[in-house]
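Peer 1: Make the full structure from the sequences, and use the hints.
Protein sequences appear in the order of chains S and B.
Here the first sequence stands for residues 4 to 334, where the numbers follow this note's numbering.
Here the second sequence stands for residues 4 to 334, where the numbers follow this note's numbering.
Simulated from the structure, these hints should not be mistaken for lab results.
There's no promise every hint is true.
If chains are identical, the list can't say which one is meant, so a pair holds when it fits in one copy or spans any two.
What the hints assert, rightly or not - Straight-line Cα separation of at most 30 Å, BS3-like style, residue types lysine-lysine; simulated pairs:
#1 Lys211 to Lys36
#2 Lys147 to Lys273
#3 Lys273 to Lys211
#4 Lys60 to Lys170
#5 Lys60 to Lys262
#6 Lys5 to Lys294
#7 Lys296 to Lys60
#8 Lys262 to Lys170
#9 Lys296 to Lys273
#10 Lys147 to Lys301
#11 Lys273 to Lys294
#12 Lys5 to Lys211
#13 Lys262 to Lys147
#14 Lys296 to Lys190
#15 Lys301 to Lys190
#16 Lys333 to Lys201
#17 Lys36 to Lys201
#18 Lys333 to Lys262
#19 Lys60 to Lys201
#20 Lys301 to Lys333
Protein chains: 2
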Amino acid sequence: MKAAYIEETGPPDVIQVGDLPTPEPGQGQVLVKVGTAALNPIDTYLRNGANYWELPKPFVTGSDLAGTIEAVGPGASKFVVGQRVWGTNQGLVGRQGTFAEYAVVDEHWLYATPDSVSDDAAAACALTGVTAHMGLGADNARLKAGETIFVHGGSGGVGSMVVQMAKAIGATVLATAGSEAKAELCKELGADYVFNYKTQNVTEEVLKICPNGVNVIWETVREPDFDFLVSIAAERCRMVLMAGRDARPEFPVGPFYVKGCSLHGFVMFKATPEEMAVCGEEISRWLAEGKLKPQIGKVFPLSEAAAAHQLQEDNTLRQAGTLAGKILIKP
Amino acid sequence: MKAAYIEETGPPDVIQVGDLPTPEPGQGQVLVKVGTAALNPIDTYLRNGANYWELPKPFVTGSDLAGTIEAVGPGASKFVVGQRVWGTNQGLVGRQGTFAEYAVVDEHWLYATPDSVSDDAAAACALTGVTAHMGLGADNARLKAGETIFVHGGSGGVGSMVVQMAKAIGATVLATAGSEAKAELCKELGADYVFNYKTQNVTEEVLKICPNGVNVIWETVREPDFDFLVSIAAERCRMVLMAGRDARPEFPVGPFYVKGCSLHGFVMFKATPEEMAVCGEEISRWLAEGKLKPQIGKVFPLSEAAAAHQLQEDNTLRQAGTLAGKILIKP
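Peer 2: Printed below as a string of structure tokens:
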């Protein structure tokens with residue numbers, strides 16, 4: 004099968020596109036014919052040598068996929084051949100990735116794709132959608148209908164999912180964006196109020212709308228400013244933190260605990276299959292109901308996987324501003 | 004009635020002991036004949052001018068009390084005259100305090116004192132016990148039987164309660180203390196492992212016992228070191244923060260969220276009466292069952308309330324090391 008893989012870590016051009024043996028599904032696994040794969044920042048970090056865990060060799064890049072069951076391994080019973088599925092959390096924690104014509108996946112990482120939902124849409128919602136759902140859910144922010152949420156960076160990969168899911172839950176959404184176009188996107192996604200953090204005093208604007216602060220804060224910025232976050236927090240505000248590996252900001256202990264705030268850190272890929280399935284199944288439902296609309300930025304053929312990595316990295320690490328939405332790969 | 008009160012804030016000697024009119028219970032209130040009051044650091048902060056809220060004038064100092072129902076106001080139905088009760092959260096948020104022969108209290112802040120439990124014991128467990136219970140409970144650390152907890156400062160007011168309650172819940176307790184005598188106290192309270200933070204490498208010692216880190220961390224230190232806390236945290240560790248108003252330590256964002264940690268800040272006095280009653284009723288039960296043993300440091304007559312404040316402050320703010328256990332006041 005054709006696959007985009009690396010034999011050693013490094014810049015985007017270490018990615019080779021060529022033939023690898025089509026894998027066979029083992030115990031509890033299925034073989035998926037990939038319809039669409041999607042790219043996430045973490046795929047570029049791994050390719051670049053982030054030493055989170057040992058990579059298989061060769062290593063097929065990519066975490067997200069949507070496609071069709073091609074074969075079912077021994078002991079696998081969740082799906083049948085021909086069924087459409089999607090999932091994430093591949094290419095992580097030592098598993099092989101999804102930028103290939105076929106991928107072998109443990110069936111517990113996959114969810115049924117509703118008939119009305121395309122592979123592109125499902126793949127575009129995978130890692131970012133599961134991350135957003137997990138952070139809003141029972142173990143983290145516990146966002147409820149009628150509450151207010153502030154999404155710091157509402158037009159990004161995860162942020163755009165959080166905005167839509169918060170609306171699906173029934174919350175009032177305040178979001179920030181760094182340009183008029185991105186602010187417009189946040190509005191289209193359903194945000195009730197959007198502030199341009201480059202031109203507006205966001206603290207003032209948020210407190211005008213929510214004089215007692217917001218119930219939930221979702222931080223996507225890589226250098227969180229905890230003084231700012233606590234200043235817009237309501238009593239018992241739950242804050243979600245899932246980015247900023249190297250940040251070491253000052254933490255205002257007194258204001259944080261006196262307001263009874265809590266801070267919830269997590270990474271999607273450490274969740275159990277059961278936890279992730281709760282997210283995946285609701286995402287499928289929301290996709291079918293039109294409550295989640297994936298933002299697709301650019302579609303590449305598998306042969307241009309290196310260019311796809313380059314575009315992602317330019318925008319994640321160097322704020323090139325040349326991408327709005329997910330990068331998809333078509334094998 | 005005799006009461007210890009202030010007309011203006013300042014050092015301990017602003018406290019006057021003299022006659023004030025015995026208050027009458029209003030709607031939903033009871034009059035308690037105070038058997039024992041207890042002193043907490045927050046009482047000294049308020050006396051000294053901490054401007055958390057407006058104080059009544061004159062302001063009777065003290066948050067904790069145990070005693071006997073002397074009179075029942077209109078609409079109050081939880082207790083009858085002669086019944087023994089205890090409570091905390093008085094002298095706070097604009098309410099009058101407990102350092103007096105009598106105190107009027109909203110009945111929903113009071114819990115029945117078991118027959119076998121003395122007023123001294125109940126008063127000594129009030130604010131610190133409710134604080135510990137609340138931090139370990141459903142809204143914060145959610146400590147479960149079989150888990151491990153690290154109590155940073157296990158011999159202090161709240162810390163000594165946390166150690167005992169964690170044992171009552173069925174957890175394994177690791178605690179720190181700053182002297183051999185305090186370490187001995189932690190052991191007596193039930194701590195399974197105690198480390199002297201002045202002479203031992205606590206990170207190493209904790210990781211020897213719990214190679215994957217601890218499930219819950221209770222921080223009582225006023226300058227939390229988040230690098231240290233995250234270094235001993237297990238995956239999904241819940242950390243409790245309830246002290247250190249002016250601290251601004253650096254916060255290691257990456258290590259915190261990659262481990263899926265959460266940080267829970269709270270102040271006892273903002274809890275609802277219903278939330279506090281959950282704590283109060285279990286504390287009464289644990290006291291009756293001998294699972295909670297209050298540490299009583301020194302007992303003062305009401306007339307020496309100023310000296311009591313001085314002793315508390317010397318030890319809270321200036322680490323005099325001349326107090327181990329609660330300060331009680333006998334009207």
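Peer 1: If the cutoff is 30 Å on CA atoms, where do Lys60 and Lys170 land: within, between, both or neither? Let me know, please.
Peer 2: neither (42 Å within a copy, 48 Å between copies)
Peer 1: Since the copies are identical, ignore which copy is meant and state whether Lys262 and Lys147 lie within 30 Å (CA to CA) inside a copy, between copies, both or neither.
Peer 2: both (19 Å within a copy, 25 Å between copies)
Peer 1: Is the C-alpha distance from Lys147 to Lys273 at most 30 Å within one copy, between copies, in both cases, or in neither?
Peer 2: For Lys147 and Lys273, the Cα distance is within 30 Å both inside one copy (24 Å) and across copies (21 Å).
Peer 1: For Lys60 and Lys201, with the copy left unspecified, which applies at a CA distance of at most 30 Å: within, between, both, or neither?
Peer 2: Result: close neither inside a copy nor across copies, 44 Å intra and 48 Å inter.
Peer 1: If the cut is 30 Å between Cα atoms, do Lys333 and Lys201 qualify within a copy, between copies, both or neither?
Peer 2: Close neither inside one copy (36 Å) nor across copies (60 Å); limit 30 Å.
Peer 1: Classify it for me, Lys296 with Lys273: is the Cα-Cα distance of at most 30 Å met within a copy, between copies, both or neither?
Peer 2: Within. Shortest intra-copy distance 26 Å satisfies the 30 Å Cα cut-off; inter-copy 40 Å does not.
Peer 1: Which holds for Lys301 with Lys333 at a C-alpha limit of 30 Å: within a copy, between copies, both or neither?
Peer 2: within (11 Å within a copy, 75 Å between copies)
Peer 1: Tell me, please, which holds for Lys60 and Lys262 at an alpha-carbon limit of 30 Å: within, between, both or neither?
Peer 2: Between copies, since 26 Å is at most 30 Å while 49 Å is not.
Peer 1: At 30 Å max between alpha carbons, let me know whether Lys211 reaches Lys36 within a copy, between copies, both or neither.
Peer 2: neither (51 Å within a copy, 47 Å between copies)
Peer 1: When no copy is specified for Lys5 and Lys294, does a C-alpha distance of 30 Å or less occur within a copy, between copies, both, or neither?
Peer 2: neither (34 Å within a copy, 66 Å between copies)
Peer 1: Between the shortest in-copy and the shortest cross-copy C-alpha distance, which are at most 30 Å for Lys333 and Lys262: within, between, both, or neither?
Peer 2: Answer is neither; intra-copy 48 Å and inter-copy 34 Å both fail.
Peer 1: 30 Å Cα cut-off: does Lys262 pair with Lys170 within a copy, between copies, both or neither?
Peer 2: both (25 Å within a copy, 29 Å between copies)
In terms of the numbered hints stated before, the structure departs from hints 1, 4, 6, 7, 10, 12, 16, 17, 18, 19, listed from lowest to highest.
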